[in-house]
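Protein chains in written order, with my numbering: chain L, 1 to 489; chain A, 1001 to 1431.
If a hint is listed, it holds; no wrong ones were tucked in.
Heads up, simulated SDA-like pairs for lysine to any residue below, C-alpha to C-alpha not over 20 Å straight-line:
no., chain 1, residue 1, chain 2, residue 2
1, A, K1380, L, L82
2, A, K1380, A, P1244
3, L, K289, L, G174
4, A, K1380, L, R100
5, A, K1380, A, I1335
6, A, K1380, A, A1369
7, L, K36, L, A122
8, A, K1380, L, D99
9, A, K1380, L, G405
10, A, K1380, L, E212
11, L, K289, L, D173
12, A, K1380, L, A84
13, A, K1380, L, D218
14, A, K1380, L, F364
15, A, K1380, L, L91
16, A, K1380, L, G85
17, L, K289, L, R300
18, L, K57, L, G21
19, A, K1380, A, L1258
20, A, K1380, A, V1276
21, A, K1380, L, G214
22, A, K1380, A, N1345
Covered, in the sense of this in silico footprint (three residues per stretch, anywhere, with C-beta under 8 Å from a C-beta of chain A), are these stretches of chain L:
no., segment
23, 396–410
24, 456–462
In case anyone wonders, no lab produced these hints; they're calculated from the structure. For each residue, glycine too, the CB sits at the ideal point set by N, CA and C.
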Amino acid sequence: MTTTTPRPVELDDVQGLLRFGYSHHTEACFLLLRVKDPAAARAWLAQAPVTTAVEAKPVPATAMQVAISGPGLAALGIPDDLAAGFSEEFLAGMAGDEDRSRRLGDLDSSHPSNWAWGAGDAVPHVLLLLYALPGHLADWRRSLEAELASGFTLQAELDTADLAGREPFGFRDGLSQPEVDWERRRPVEDRDRLEYGNLTCLGEFLLGYPNEYGLYTDRPLLDPGRDPGVLLPRAEDRPELADLGRNGSYLVLRELRQDVAGLWRWLAQQAGGDLDRARDWAEAMVGRKLDGRSRIPGARGLNGFDYAADPEGLHCPFGAHIRRANPRNADYPAGTRGILARVRRFLGFDAGALPQDLVASTRFHRILRRGRAFGTPPVPEQALAEPPPTAGTGLHFICLGANIGRQFEFVQSAWIQGTRFAGLPGEGDPLLGHRLPGPDGAPSDCFSIPRADGPDQRLCGLPHFVEVRGGGYFFLPGIRALRYMTRPR
Amino acid sequence: MTPQSPFLVVASVAAGREAGLRALLAEMNSAPGVVDPDNPVLPFGRFERVHFARLMVLDQTTMADLSLYGVSPPDLGLRLVLLGDCDGPARTLLDELAAGAEDGLRRLFGHCEGFDPGTGLAAWLHAHSRPTQANYVNWLGRTVCQIHEESALQRFLSARVPRMPVASGEARRRRRELIEAARAEQRAGRLRLSAPQPAPLGWWLGNLAHALGVPLLALLVSPMLLLAAPWFVWRLRSLERSDPEHCPPPEAGHLRALRELEDRGLTNQFTAVGPVKPGAFRHALVPVLLLAIDWGARHIFHRGHLARVQTIHFARWVVLDGGARVLFCSNYDGIHEAYMDDFINKVAWGLNLIFSNGVGWPRTDWLVARGARREGCFKKYQRAHQVPSQVWYDAYPGVTLNDMRRNRRIREGLEQGEMGEDQALAWLRLL
Ligand code: HEM
Chain L
1 MTTTTPRPVE LDDVQGLLRF GYSHHTEACF LLLRVKDPAA ARAWLAQAPV
51 TTAVEAKPVP ATAMQVAISG PGLAALGIPD DLAAGFSEEF LAGMAGDEDR
101 SRRLGDLDSS HPSNWAWGAG DAVPHVLLLL YALPGHLADW RRSLEAELAS
151 GFTLQAELDT ADLAGREPFG FRDGLSQPEV DWERRRPVED RDRLEYGNLT
201 CLGEFLLGYP NEYGLYTDRP LLDPGRDPGV LLPRAEDRPE LADLGRNGSY
251 LVLRELRQDV AGLWRWLAQQ AGGDLDRARD WAEAMVGRKL DGRSRIPGAR
301 GLNGFDYAAD PEGLHCPFGA HIRRANPRNA DYPAGTRGIL ARVRRFLGFD
351 AGALPQDLVA STRFHRILRR GRAFGTPPVP EQALAEPPPT AGTGLHFICL
401 GANIGRQFEF VQSAWIQGTR FAGLPGEGDP LLGHRLPGPD GAPSDCFSIP
451 RADGPDQRLC GLPHFVEVRG GGYFFLPGIR ALRYMTRPR
Chain A
1001 MTPQSPFLVV ASVAAGREAG LRALLAEMNS APGVVDPDNP VLPFGRFERV
1051 HFARLMVLDQ TTMADLSLYG VSPPDLGLRL VLLGDCDGPA RTLLDELAAG
1101 AEDGLRRLFG HCEGFDPGTG LAAWLHAHSR PTQANYVNWL GRTVCQIHEE
1151 SALQRFLSAR VPRMPVASGE ARRRRRELIE AARAEQRAGR LRLSAPQPAP
1201 LGWWLGNLAH ALGVPLLALL VSPMLLLAAP WFVWRLRSLE RSDPEHCPPP
1251 EAGHLRALRE LEDRGLTNQF TAVGPVKPGA FRHALVPVLL LAIDWGARHI
1301 FHRGHLARVQ TIHFARWVVL DGGARVLFCS NYDGIHEAYM DDFINKVAWG
1351 LNLIFSNGVG WPRTDWLVAR GARREGCFKK YQRAHQVPSQ VWYDAYPGVT
1401 LNDMRRNRRI REGLEQGEMG EDQALAWLRL L
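Using the sequences and the accompanying hints, generate a full structural model.
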């Protein structure tokens, strides 16, 4: 454990998205770019006005963030041996191979071969995220596009919609986030945590800082000879090396198309037209009420709860989206107190605690969500009207983390697609599951709602409500790293 | 109770036969990592006693790491390994395999040194069998047949139970109705619940002797151990400081070859192999630790969990080539990343205990601390030491250990006599 006060974070070297969701910036657009002329592309990126994590008063009218994909590094002329220091997941890419697609549940109609972008030759090189206060996007975007034309081709533009804090199914979204330890209050140590907490080590989200294990995640560290102008910060853990990762993060983007009419129509039909019942089921599937309130009795505010008080899933089913995506547990089952209890549970001798120990240590699997909705979703009543509305709507899901494998991919594959999550009898996420039968032919398209006075209620034959239309892994560099990578040569 | 046992056959691949062997192994699969249980070479599915089995071509992976100590690695050549877990004794299983899949096994081992058309197959398999130094069985006595039967019972009852609230006082009646339905199914021959077989007396005696013998042995040598303890600690700590750590990232191609085989179902296989650190200290420590692990697994951890980990069906540690290297194999539920998560977060100490004697393991303290907790280093290390199993068989794909645990409780509840109202409701809620 270090006793010295840690270096403060260089907020002016961190892209703002790590710290802010830009919720005032209700207009947003994500540009997917391919490098046409590397020199021109680099020159533009070298001076790109990237917004930092320093708090600005008043809020700036516009904010821009820059991220680069694995193929993007090569297209910009970053040497291979340098790029090799990035994580394997990032370099391989979200649609890099069938095995990854299988693990992520990108199968069937969500398979990369059906994507609009992000697979094969259609991996964008650079992702520009544009955020603007109301009325400020259109002109800015047009002038940017003109500037970009010399170095890039515009592969696609992902428009977003302001749904006033809701996602297209109609639920309030963006309520729960890990609290990032910007002040570096959490001691650098590897110690079991007996309580679930929301404060998460900076190193879980920013490269170059200690993570929840008290360790520094791998990232490209350079011989100082490769950085003669000392553009890059030095690595905290290896001060003799320049740190290309420091203050950067990985960004995961997925275009998720939601079948809003499909969800509500199916539920209404199952409920025999009883719309209150349909809504209750939808809320059980998400794990929150439509207005965002928790289903856990005694929750303090929107996020003052965990599932210790609901060990049987009677209030929030085990399979609910938010319980899967963040099981809110500590390193040991809830209620591990005293040295004796700990030893027993450490050895697995507490039979009563074992069922709750199937999923543990959530703190290693947190993600910072920064997604935006797109399209014009129907409100539930419209969704039920004839003919059903068909306009494309959904979520440009974005999450940030220092370890794609342990964070996004783990949550997506082990918890969201995992059909035995927390001991469930065989079902994927009620919103996001791929619904395909297992290798033994057993269905995965049910949703179990436990109840105290009988066997689980089970909704079966759930249609596929969310389809992946595109996606990619990007590196969201620190500002100095961006300047280093794009410096004139 | 029918005890489970590990079987293991190791043979050297004859010069120039590797490509043909690999092609033959690939023929057994319907897709990479997915064996056809009815394949013409070794139709595992026809042998009802087999839980899991795998065939692999074991090369010299990571033996070269011995050069970290300035030791030149021995030339171990290429091995064909057949291993698995079965109900009842391994010896008779090998006989059954030899009798029931003679042609295929001859084709397989025909790629090995010293095997010719005149070789007696069963005798050859026995002669090439190797002992398993430490073996873990998730639930001692649970047979393949029982797993299938209880799973069918659960499917039947879960499909039949009315998914509605049970009015108070109604649970016992509901349960009785379901039991009657199940009994009718049994009478019609559509459901079977075979009675457990008694374990052979010889097994009980052997097990008892092992249960008492190992602690007794420990007691006998304890005065010497006590005397040697200060030296042991000093030696261990100095080695822990000087042993090189070696965790380069696994090659992309190697990683792809491993991943291609993974996550095709709910259960996965894991095999890793690596050289033991040179020197008498580690070479003496490994067998002692394996004996202790084996004892713990046999007599303490045989009821559903290995310490905190509940997702391992079978695991084993095998010393190969006169102690030069250790092979670790397991079958586990869930994705690889979740398995590693359990390793790091729940039982890093247990891994360190044994694997820190392997060349390059992430630095440990006091044999159990740090090591696998060094997440990044550990993850690279395990992937680099992992080897693909060209053929892998699972007798019950789609049934996880947690499913089995629930199914067993369902069966117990079915076979139990009268229940109270609360107990009956709890049973209904399992369905
Ligand atoms: C179209 C797809 C999706 C929809 C409609 C959706 C919807 C929601 C909603 C309504 C919430 C509750 C609001 C909140 O707690 O902030 C939520 C929370 C969450 N979602 Fe999703 N989500 C989607 C995709 C995903 C994906 C792909 C992941 C990750 C792989 C994910 C991870 C999470 C996490 C981590 C939370 C917070 C849980 C908590 O901390 O309690 N979601 N989602």
